[in-house]
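**Student:** Sequence:
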Amino acid sequence: MDFIDFKMLSETYINDIYIWRNSDIVRSNSFNRNEISIIEHREFIKSLNEDITKKYFLAVLDNEPVGVVGFTDIHNRTANLGYYKNPFTKKTGIGKLLINKACEYAAITLNLELLIMKVFKTNLISIHCITQCGFTENKRDDEVIEYILKLNKYGKR
1 MDFIDFKMLS ETYINDIYIW RNSDIVRSNS FNRNEISIIE HREFIKSLNE
51 DITKKYFLAV LDNEPVGVVG FTDIHNRTAN LGYYKNPFTK KTGIGKLLIN
101 KACEYAAITL NLELLIMKVF KTNLISIHCI TQCGFTENKR DDEVIEYILK
151 LNKYGKR
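Everything in the sequence shown is counted per full-length UniProt numbering, starting at 1 for the first residue and increasing by one.
Since the hints were derived computationally from the structure, they do not count as laboratory data.
All values reported here derive from a predicted model rather than from experimental measurement.
Every clue listed holds true.
Cross-link-like lysine-lysine pairs, in silico, DSBU-like; alpha carbons within 35 Å at most:
#: 1; residue 1: 46; residue 2: 121
#: 2; residue 1: 7; residue 2: 54
#: 3; residue 1: 121; residue 2: 96
#: 4; residue 1: 91; residue 2: 153
#: 5; residue 1: 96; residue 2: 54
#: 6; residue 1: 90; residue 2: 153
#: 7; residue 1: 46; residue 2: 91
#: 8; residue 1: 139; residue 2: 54
#: 9; residue 1: 118; residue 2: 7
#: 10; residue 1: 121; residue 2: 153
Kindly generate the complete structure, drawing on both the sequences and the hints.
**Tutor:** Structure (structure tokens):
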């Protein structure tokens with residue numbers, strides 16, 4: 001699996017991600033559940049040039065775009081990790097692949113020591129992927145569970 005930085009995306013990929021992000025399945029599991037406009041989408045990508053606390057990537061597997069990985073609130077060797085699968089891919093096991101590749105990138109390239117993932121309690125598929133990848137529950141409220149993973153220089157501990 002390869003990552004392509006959002007700042008380097010082709011027009012085709014920008015448009016594909018826009019469609020994925022606005023799909024019902026992706027929006028239903030996102031913290032911002034609103035539909036976004038293409039202008040908002042492009043401005044968000046452009047804003048990444050100025051914001052060192054965020055990094056977003058398109059994940060490509062066997063020449064097929066399979067998902068998006070995002071690191072936010074990057075500071076003090078810690079970041080929040082989010083992901084979503086291309087809702088139109090037929091490939092299976094993508095969630096765990098995205099998370100594992102993101103952990104490796106976070107440790108080796110970003111030199112992070114801790115990743116945080118927040119997920120709605122109702123998102124059972126993501127909860128399964130997150131826990132299968134070694135994240136442990138840190139705290140919860142009525143709607144959201146926060147998971148953490150300590151990293152070493154090779155990825156997961």
